[in-house]
Structures are given as C-alpha cells and as structure tokens.
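Peer 1: Sequence order for the protein chains is A and B.
Residues in the first sequence are numbered consecutively from 1, following this note's numbering.
Residues in the second sequence are numbered consecutively from 1, following this note's numbering.
Hints are computed from structural coordinates only; laboratory data are not their basis.
Accuracy of the hints is not assured; some may be wrong.
[To be verified] One-sided and incomplete, this derived list gives chain B residues near chain A with beta-carbon spacing under 8 Å:
hint: 1; residue: Gly-57
hint: 2; residue: Ala-79
hint: 3; residue: Arg-94
hint: 4; residue: Ile-95
hint: 5; residue: Asp-219
hint: 6; residue: Ala-220
hint: 7; residue: Ser-221
hint: 8; residue: Asn-225
hint: 9; residue: Ala-226
hint: 10; residue: Leu-234
hint: 11; residue: Tyr-237
hint: 12; residue: Phe-242
hint: 13; residue: Ala-243
hint: 14; residue: Glu-245
hint: 15; residue: Pro-285
hint: 16; residue: Leu-286
The C-beta atom is built at its ideal place from N, Cα and C for all residues, glycine as well.
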Amino acid sequence: MVEVGSWRLYTSVAAGGFRRYATYRAATAAGVFTNTVFGLVLVYAYLALWDEKPQLGGYDQAQAVTYVWLGQAMLATLAIGGGGIEDELMERIRTGDVAVDLYRPVDLQMWWLAADGGRAVFQLLGRGVVPFVFGSLVFPASLPGEASTWVAFLVAVVLAMLVSFAIRYLVALSAFWLLDGVGMTQMGWLLGFFCSGMTLPLNVFPGALGEVVRALPWASLLQAPADVLLGKADPLGTFAFQAGWAVALLALGRLVQSAATRRVVVQGG
Amino acid sequence: MTRGPVGQGRAADGTDGTGGAGGPGGVVTGIGEAARPGDTGWGRVVEGLRAYRLIAGMWLRSTMAYRASFALTAFGNFAMTALDFVAILLMFSRIDALGGYALPEIAFLYGLSGVSFGLADLAIGSMDRLGRRVRDGTLDTLLVRPAPVLAQVAADRFAPRRLGRVLQGALVLGWALTAVDVAWTPGKLVLMPLMLVSGAGIFCAVFVAAAAFQFVAQDASEVANAFTYGGTTLLQYPPTVFARELVRGVTFVVPLAFVNWLPASHVLGRPYPLDLPAWTAFTPPLVALACGAAAGLAWRAGLRSYRSTGS
Chain A
1 MVEVGSWRLY TSVAAGGFRR YATYRAATAA GVFTNTVFGL VLVYAYLALW
51 DEKPQLGGYD QAQAVTYVWL GQAMLATLAI GGGGIEDELM ERIRTGDVAV
101 DLYRPVDLQM WWLAADGGRA VFQLLGRGVV PFVFGSLVFP ASLPGEASTW
151 VAFLVAVVLA MLVSFAIRYL VALSAFWLLD GVGMTQMGWL LGFFCSGMTL
201 PLNVFPGALG EVVRALPWAS LLQAPADVLL GKADPLGTFA FQAGWAVALL
251 ALGRLVQSAA TRRVVVQGG
Chain B
1 MTRGPVGQGR AADGTDGTGG AGGPGGVVTG IGEAARPGDT GWGRVVEGLR
51 AYRLIAGMWL RSTMAYRASF ALTAFGNFAM TALDFVAILL MFSRIDALGG
101 YALPEIAFLY GLSGVSFGLA DLAIGSMDRL GRRVRDGTLD TLLVRPAPVL
151 AQVAADRFAP RRLGRVLQGA LVLGWALTAV DVAWTPGKLV LMPLMLVSGA
201 GIFCAVFVAA AAFQFVAQDA SEVANAFTYG GTTLLQYPPT VFARELVRGV
251 TFVVPLAFVN WLPASHVLGR PYPLDLPAWT AFTPPLVALA CGAAAGLAWR
301 AGLRSYRSTG S
C-alpha cells in the first residue's frame, strides 16, 4: 500500500522531473524543430507509400499521416530513442552512487518511475504537441471527433509511458552486472525503434514477423495509442494488452532489483 | 544522449567517448612547433589538417584501448543505421515502386546518401558537442592552444565507431550497383567518386555551420540534427515523393540535393528534380566548395562572437 505521505513524495519527485526538463527552453525549441523536420520527411515517404498501396495495413492516407505525427510526438515522450532517466540511473549504478539511493526510505523503482513520469509529461506537452498540431493542420489528418476517443487515447499514452519505463528500467538495472551499459542501451534503442513502429507501422509488417512484433511489449508504445486514436482497435482490449505488459515488466523489474541489491557489491563499497 | 532533452538523430550514434578515457587536455603536444601565426591561408589549412590528424589519432588510440567496446559500438552504429534500410525493404515487401523508383534505384540513393553522410559524420560528427564546451567554458582551453580552433573542435572526441554507418551505406551502395540497370559511360564513372566526396564535403559544411550556430544558441544543438540526420534520411528517398517547395528548399537554400539527387539522376537516366539543366549533375564539387566557404565564414563570425563564461 502506498500511503498518503509517500504519494505526496512521489508527486513532488515527478514535478521535479518535469521542471528539470522544462528548464532547457532552447533545447526544447530545437527538439520541436527537429521532430517537425523528421515528420515532414517521413510524411512524404508515407504518402508515396500509401499512394502506391491505398489501405495498406488497414490505414487510409490521412490515418498514415496522423500516425507519422503521433510518432514524432511520442519519440521523446516515451524515450524510444533514449534520453529517459535510464542514462542517469545507469551512471549512478556504475559509479556506486546508487548506494545512496538505496539508503533512502523510498522505493527505488517508484522513485525513478515518478521522475521519468514527470519527464515524459513535459516532453509530451513541450515537444510533442507542436509537431502534432503542425502536422495535423498542414496535412490531411484523421482526428476523432468524440471526446471519449481522446480520453481513451490519453489513457493508452499513460499506459505506454508505464511500459516504456518498465523496459528502460530493466535495461538500466543490467548495469549492476555489466557495469558498462552501452551495449544494452543500444540494444534497447534498436528494439525500441523497430518493434514500437517508429520505423514503420507494425500493421504494415508482413506475415509472421508482423504477428510477432504486434505481440511484443514495444507494440504498447506507439502502435497501441495510435490504433486507439485512429479508431482501429478496441480501447479496452488495447488497455488490457498494455496493462498486462506494464504489470509483468514492472514486476520483473522488482525481481531483478531485489536480486541486484542482494547479490551485487556496489562499486567503491 | 546524455544531455537533458534528447536528439532524434543522435540515437544512431552510440554514446560519447569510450569508457571515460582521458580528455584531450595536455595530450596534444607538438602541434605548436609548426604553427606560426600570420601564415598564409594555405599554411593555415596545412596546419589545421596536421592538428586534426594528431588529435584524431590520439582519440583513435584511446578508443583502441577498449577494443571490445569499439567493436560493439561500431556494430550498434551499423545496426541502427541499417534499420532505415530494413524499413525500406519492408515497404517493398508490399509495393514494387516508391515515387516511381524501384528498390535498386532507391538503394542507390540510400547508399550514396549513407556513405557521403557517414564520411562527414566520421570526420567531424562530434562538432555538435561545441555547445557544451561553450556552456561550461572548456572552449577557452582550445583557444590558447597554438592550433586552429576549428581543427581542434572537429577532431575533438573523434569516434571511429562511426565507421559502422559508412560500412552500412557502402554495403547497400555495393548491392545497388549490381542491381541497377545503368548504361555506364566515362562521365558516369567519374561522377561516382566525385559525388561521394562532394557529398561528404557538403555535409561537413552543414556540420560546421551548425557548430557556428551553437555559439549563438548553445542549448539548441539539436537543430543541427534536422539538417544532418534529417538530411541524410530525406536523401534516401527519391525527390519525386516530396513536395516541390521542399525540393526547392534543399536545392537552393540548403543544397543537399547536390549530394545525390542531381548526380544520381544523371547516372540513373532519370528526369532531374525541378527540371534543372543536365550540367547541374556535375556541379556537386563546386557546390561543396561554396558551402565550405560559407560555413567557414559562419564559423569565423561565430568564433568572434564568443564570450567566455568567465568562470
């Protein structure tokens, strides 16, 4: 049970995470610009693709356009290409600073989840909204009219944040054994980009490959919120899929965390 | 990806440095011997190249101290860039042509873009760290050394792992060359190495201009990614898929079209983007020189405007 006091603590950690990223305004503006440029390049490639093959993957052209801009909005939010709290946690494990974190009367996983949640919310508002709005205004987009779909979409985004954190937390914990987490981080990016649908929507993947990637946890990140927004998936089924992975991976993170703190000698200790 | 808000393109790039091997401070000795302030322009270039070679060589040695780490990060670099091509392959599992171009032709564009950009990225891709140096004041260290600052910044944290990207582009280009249907002429054969070198030159100019911009907007280093990583992604697709205004922009404003679109149109016997005259296919070297000159001026202006943090 999370008590009221610790709830307040984690809220303020999340607020700190939000403010920390909000401080760098020039960097945020630069990120918005870059995401918009990448969105432009991808949108034209996708338009040509859907021109060639209308209804590819069950999307029409407008839905494909929306998918591109949603991807640009989600990239930093879900830290699909890195840039979440995992770099910092890994560095703390490598240097041994994590010993201090373990001494604190707070839960390690909850602490980092809160910090990453604050970061994600800032990236969504600060970096995600502008490219998405720009893309939806300039290109023929497919946006739902009912408020309920938008609410369902936001729920899917929050669940995506949880799954994204759970994956990156596991990647970071690998540093307890590997010390140098560069290789694991890179694997995380590779799988994240490919299996989340950042490179190409997962419903366009052919045959068995498509079946597999659509069942993996990364499908919760971009594909799931996109399909809810575009009305291509039943929201409740999607939530169940995402929540299932979130619970499983967070639980796994806990297991690994307790194994790590029991068996591993902290550097410099 | 270690700074706060993250860059998109940097994802393809592995991490910075190799296990915290010592910085360049104090290691670069001997550069000053050849340096005489007030030399001719050509003398400056030679001196700069010499400084670049020494510093890059130092980073190369430091990287090779951790060979396994180098191999892994180079592979990661390779794999991350390869994803773009896998996406194109997946697209072509559903279609036969994109924007009127078949897979071998797109692979040709992709390979040219990948190799040109990869070479520039390998040579001076670490220049986007300049903003950090401006912010924390470590640029001052470079200013007091008797070697051109541009050469020092360009060679700073030289990262051999970026060979992974060059290799990936070269493999795709090699396959494309066996698969495309081209009636080779002497002109086209000459154009091949010419466009790779010129393309690398154009991308180098973009890197330098972006670094110059960081003197003004220190945190905004990510803007560069839109033109560098974004540029190479753009050039992987044929010009026919993009809106006319966008093609105009990358032809006349940021002349990335000269990296591969124009020369490749000549090699593949395709209509030129924007109906440009046929001789433009042979202009990439001139465009690269012009870009280099413009970037050099921007760099000078940026460096002049530098005010140390004073701490």
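Peer 1: Hint by hint, say whether it matches the structure.
Peer 2: So, going through the hints one by one against the coordinates:
The beta carbon of Gly-57 (chain B) is not positioned within 8 Å of any beta carbon in chain A (closest approach about 23 Å), and the interface hint is therefore violated. Nearest Cβ of chain A to the Cβ of Ala-79 (chain B): about 6 Å, under the 8 Å cut. The hint holds. The interface hint given for Arg-94 (chain B) is met, as the beta carbon of that residue sits about 6 Å from the closest beta carbon of chain A, less than 8 Å. For Ile-95 (chain B), the interface hint holds, since its Cβ comes within 8 Å of a Cβ in chain A; the closest pair sits about 4 Å apart.
Interface hint status for Asp-219 (chain B): upheld, as the beta-carbon distance to the closest one in chain A is roughly 4 Å, under 8 Å. The beta carbon of Ala-220 (chain B) is positioned within 8 Å of a beta carbon in chain A (closest approach about 4 Å), and the interface hint is therefore held. Because the closest C-beta pair between Ser-221 (chain B) and chain A is about 7 Å apart, less than 8 Å, the hint holds. Given hint, Asn-225 (chain B) at the interface with chain A, holds; its Cβ is 5 Å from that chain's nearest Cβ, closer than 8 Å.
Nearest Cβ of chain A to the Cβ of Ala-226 (chain B): about 4 Å, under the 8 Å cut. The hint holds. Of the supplied interface hints, the one on Leu-234 (chain B) holds, with its beta-carbon coming within about 5 Å of a beta-carbon of chain A, less than 8 Å. The interface hint given for Tyr-237 (chain B) is met, as the beta carbon of that residue sits about 5 Å from the closest beta carbon of chain A, less than 8 Å. Interface restraint check for Phe-242 (chain B): the shortest CB-CB distance to chain A comes to about 5 Å, inside 8 Å, so the restraint holds.
Annotation: Ala-243 (chain B) was flagged as interfacial toward chain A, and the flag holds, the nearest CB pair being 7 Å apart, inside 8 Å. About 11 Å separates the beta-carbon of Glu-245 (chain B) from the nearest beta-carbon of chain A, more than 8 Å, and the hint is not met. Taking 8 Å as the C-beta cut-off, the interface hint given for Pro-285 (chain B) is violated, the closest approach to chain A being about 26 Å. For Leu-286 (chain B), the interface hint is violated, the least distance from its beta-carbon to any beta-carbon of chain A being 26 Å, above 8 Å.
Hint violations for this structure: numbers 1, 14, 15, 16, all remaining hints satisfied.
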